[in-house]
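Just need the whole structure built from these sequences, with the hints factored in.
Here the protein sequences come in this chain order: A and B.
Residues in the first sequence are numbered consecutively from -10, following this note's numbering.
Residues in the second sequence are numbered consecutively from 15, following this note's numbering.
You may find that some hints are simply not true.
Stated by the list, open to error - Per label pair, the in silico range of CB-to-CB distance:
#1 CYS138/B to LEU118/A: 49 to 59 Å
#2 ILE146/A to GLN110/B: 45 to 55 Å
#3 GLN110/B to VAL430/A: 19 to 29 Å
#4 ASP74/A to ALA327/B: 46 to 56 Å
#5 ARG298/A to ILE456/B: 57 to 67 Å
#6 HIS295/A to LYS338/B: 20 to 30 Å
#7 ILE456/B to THR431/A: 56 to 66 Å
#8 HIS24/A to GLU117/B: 54 to 64 Å
Since the hints were made in silico from the structure, they are not lab data.
Idealized CB from N, CA, C, for every residue including glycine.
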Amino acid sequence: MTQTSSHESCTVVSGLGESSPGSHVGLDILKLDDHAYDRALSCVHCGLCLPVCPTYTQNGLESDSPRGRIYMMKGLADGIVQPTDNVIKHLDLCLDCQACETICPSGVVYHELLEDTRAKLKPKRHFSLTDKLVQSIFLHGFTKPLRLKLMLLPVRILQKLGLWKMIIKSGMTKALPAQFQKMQQMLPDDGPLWERALNAYYPPTDHLRDGKPRATVAMFAGCVGSVMYQDVNRKTIEVLQHLGCEVVVPRKSTCCGAIHHHAGEDKGARDFARQNIKAFLGLKKTPQYIVNNIAGCGAGLREFDHLLRDDAKYAEKAVDFVSRVRDVCELIDELDPPTPSHPVNKTITYHHACHLLHAQKAGDPPLRLLNRVMGLKIVPLEEADFCCGAAGTYNLTQPEMAMQLAERKIRNIQESGASIVVMSNVGCAMQIASEAKRLGVTLTTEHPVEILHRAYVG
Amino acid sequence: MQQHPVINQLTQIVGDRNMVTDPNELRVYECDGFPIAKGMPLAVVFPENTDQVSAVVKALNQHELAIVPRGSGTGLAGGSVVYDQGVIICTSRMTQIHKVDLENRIAIVQSGCRNSSLSEAIACTGLRFSPDPSSQRAATIGGNVCTNAGGINTLKHGVTTNHILGLEVVLPDGEILQTRANQCYDGIGPDLPGLLCGSEGILGIVTRVWCRLVPDPKAFRTIYAVFKSNFDACKTVADVIASGILPTSMEMMDGQMIQVVENAFHFGFDTSAGALLLIEVDGVDEILDDEMNVIMDIARQNNAFDIQSCKDAKRRAELWSARKKTFGAIGRISRSYCTMDACVPRSMLPEVIERVTQIGKDHGLQINNVFHAGDGNIHPILLFNEDKPEEVQRVMQASEVILEYCVSVGGTITGEHGVGVEKLAMMHAMFNKPTLDMFLNIKKTFDPRQRFNDAKLIPSDKLKVELHQAPLANVPGGAM
Chain A
-10 MTQTSSHESC TVVSGLGESS PGSHVGLDIL KLDDHAYDRA LSCVHCGLCL PVCPTYTQNG
50 LESDSPRGRI YMMKGLADGI VQPTDNVIKH LDLCLDCQAC ETICPSGVVY HELLEDTRAK
110 LKPKRHFSLT DKLVQSIFLH GFTKPLRLKL MLLPVRILQK LGLWKMIIKS GMTKALPAQF
170 QKMQQMLPDD GPLWERALNA YYPPTDHLRD GKPRATVAMF AGCVGSVMYQ DVNRKTIEVL
230 QHLGCEVVVP RKSTCCGAIH HHAGEDKGAR DFARQNIKAF LGLKKTPQYI VNNIAGCGAG
290 LREFDHLLRD DAKYAEKAVD FVSRVRDVCE LIDELDPPTP SHPVNKTITY HHACHLLHAQ
350 KAGDPPLRLL NRVMGLKIVP LEEADFCCGA AGTYNLTQPE MAMQLAERKI RNIQESGASI
410 VVMSNVGCAM QIASEAKRLG VTLTTEHPVE ILHRAYVG
Chain B
15 MQQHPVINQL TQIVGDRNMV TDPNELRVYE CDGFPIAKGM PLAVVFPENT DQVSAVVKAL
75 NQHELAIVPR GSGTGLAGGS VVYDQGVIIC TSRMTQIHKV DLENRIAIVQ SGCRNSSLSE
135 AIACTGLRFS PDPSSQRAAT IGGNVCTNAG GINTLKHGVT TNHILGLEVV LPDGEILQTR
195 ANQCYDGIGP DLPGLLCGSE GILGIVTRVW CRLVPDPKAF RTIYAVFKSN FDACKTVADV
255 IASGILPTSM EMMDGQMIQV VENAFHFGFD TSAGALLLIE VDGVDEILDD EMNVIMDIAR
315 QNNAFDIQSC KDAKRRAELW SARKKTFGAI GRISRSYCTM DACVPRSMLP EVIERVTQIG
375 KDHGLQINNV FHAGDGNIHP ILLFNEDKPE EVQRVMQASE VILEYCVSVG GTITGEHGVG
435 VEKLAMMHAM FNKPTLDMFL NIKKTFDPRQ RFNDAKLIPS DKLKVELHQA PLANVPGGAM
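Rendered as structure tokens:
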């Protein structure tokens, strides 16, 4: 208690609290990166981030709001908050969707603070065997397309034989830990046994400029994306070919490292970043653009300059790399494309992927392009800019909150009146589709490129 | 550490999931939007309905604990900080909109419902809840009631008290007060909602609010006028009001702020300008052009060198976004800044702004101005370097001189941010002893034991909170 003196009736207290740094000698202090700590200081505590935070609006806890989390992280760094299970629970529950950064009037770069804190906390934490196993699958399985294809193969075979449904129905999967059940639930019902790799080169097919390609574009196919959503990659390439671009696919490109970075494994993330920089900037002809169609990967690619800022050999290259990165819709929009000639007679609604809207600040191009498609009716979606709960691997690590957010998203989609929801991120698509299936709601997810492909290529 | 016996009792009332008691988790509740004032709570309770609030208050009274209500914690005067190891009752899980009655234009909401949530829920009806503080997306309606929140619309459409038809309040003894049993205005007896509105949570905790809904204006005109000097812009404001026209809002930005905003957001403002006025009129389309022309003439007479008008929604949104982003932009040029909040008579604005600038110069400080000129609500922003204690002292001195000056010309110590703990000491400059005694008597009538958010708004004879030597750093713009 901060009582300084007490008279017969009037108590005098200090109104400034007792939380001066260093006043709790002997307690743990989490040493944050100076740059990240500085981010915490620029929060002026206005609270404008509260209503845009999915977790705060879901449970009303200050400690599950961006402002509260910043305060806790600063407290950890100052030694006035201890990394107890309760505190870590709130930091784990953050989706890192970055909606708070879009609204923040003071320009706080929240995600850098969060990611640094998570990385620094990791060695101090104890994880269960299941958690370790799941994380290992993410870090070492998902990020390597070959391993992912091998892991998927038995399931795909069972699917083709019609046995997979029986296994699910039998309830055998219920014995699995929650994270594995969720993985099973998210898996699309159908897919090729063995996804083929992309070609190394695709020439332009139309809209050439003076007989030459309008741009040289290097395609970033992604790790999970190239196994689960290769079709979207193909359509991305075909639309770009149609618009006069030549497209190259570097053989040595690898995962963007976002899974590692978000799991506090910065060393792994930096290794991926360097390998990608080598793969893309080392091409015979340096590509003008590095295009991707998964918002989460795009945001990861655009973090390279931050990740490698202290790497003497790569810092400058990383800045160059990042300057070339574009989301596919952002790139098409930049190419100033003609009005598409094929009508697409559908009613859709559009969900903003957080990592495109908030992290990459490229939320407008997809809607701008879709609005030009003849016959396409776009109906508004309430809370279109709210996270659906996918958030990378969040739906596997925080299934309860992820489920609540998905239900909220699906309710809004139903109220929009559209049965097709379009979004620029495979993670959102898997989350929304699988949760809709669980809830018995009929809806289809599509990538904007799928619609643009029909509109441009036919 | 031994757990306080009240914790068990509270848990029985609201359940485990509606309690926070771990000191590490409680840390985030030690301050609100005025992060200078800090106090650690013993616990935070999240009731879900009025009965739970009442039971919680009664339980806390049994243990003679201090109680502080809190909504979203966006207040800018430390009003929801708890001292004396008390307990915070937070309304963030009382967010329901119970009923929207379009025919009678009333919405009944729980006090933790956010201001914008109500507006969004009724957006398609052509009605709205008028109070619009800049924090409206985050701030709760209960909090709006407690601070009698204003906003950009205030000039024409009034503050929160003008839009409240009834209140349900849990009193400091735990009993439930309800003003007006039905949904009609009755005008019977003392105006209790009037008394409770703006009482900063010292008379009880608001649990339900009957909100008046008003039609959205059918049409509007937005006028943007650029001047060489602050004086000319302020004179325009005074002249417009004197002409008999009542705009919805009249917002002013000085030359330095124009540069800051333009550099940060590139709206296309003339950075050589000395001041900029943003004026809006709304209402019936047919009369708006006449009003607009009168305002533009007045601006011209006061040497405005660039006057534009628009009725285009997109440009209008851009212009207002420029205004709303100003405070964020300051954060980009100076991490430490102190936003003051005072009201002065509109007719005095030209002199006041010149005097404020002079006070800044006398103290060696840069002062920027962006404010609700229409209602004389000024927000001088004092920029400083937090690492220089001597400069911080100068900021504190300058802000005191400014507030005293504002009171001396017939103004007030706060226009909209409230008193909380921040300006408690200034209450003596504002009111004489008999008035302050009467305030305290009212407080004691509601709360004889003085445990309900005591030592906020009204100087208490039981608890004194000292904020001396507090650097007024990093105080955000809030509802400007």
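Structure-based check of all given hints:
Checked against the hint of 49 to 59 Å, the C-beta distance between CYS138/B and LEU118/A comes to roughly 52 Å, which is consistent with it. Here the CB-CB span from ILE146/A to GLN110/B is close to 51 Å, well matched to the stated 45 to 55 Å. Restraint check, GLN110/B to VAL430/A: a C-beta distance of roughly 25 Å satisfies the suggested window 19 to 29 Å. A hinted range of 46 to 56 Å holds for the C-beta pair ASP74/A and ALA327/B, which are about 50 Å apart.
The hinted range of 57 to 67 Å is satisfied by ARG298/A and ILE456/B, whose Cβ atoms lie roughly 59 Å apart. For HIS295/A and LYS338/B, the Cβ-Cβ distance of about 29 Å falls inside the hinted range of 20 to 30 Å, so the restraint holds. Evaluation of the 56 to 66 Å hint for ILE456/B and THR431/A yields a pass: the beta carbon distance comes to about 60 Å. Distance hint check for HIS24/A and GLU117/B: the Cβ-Cβ separation is about 57 Å, which falls inside the suggested range of 54 to 64 Å.
Consistency with the previously given hints is maintained throughout, with no hint failing.
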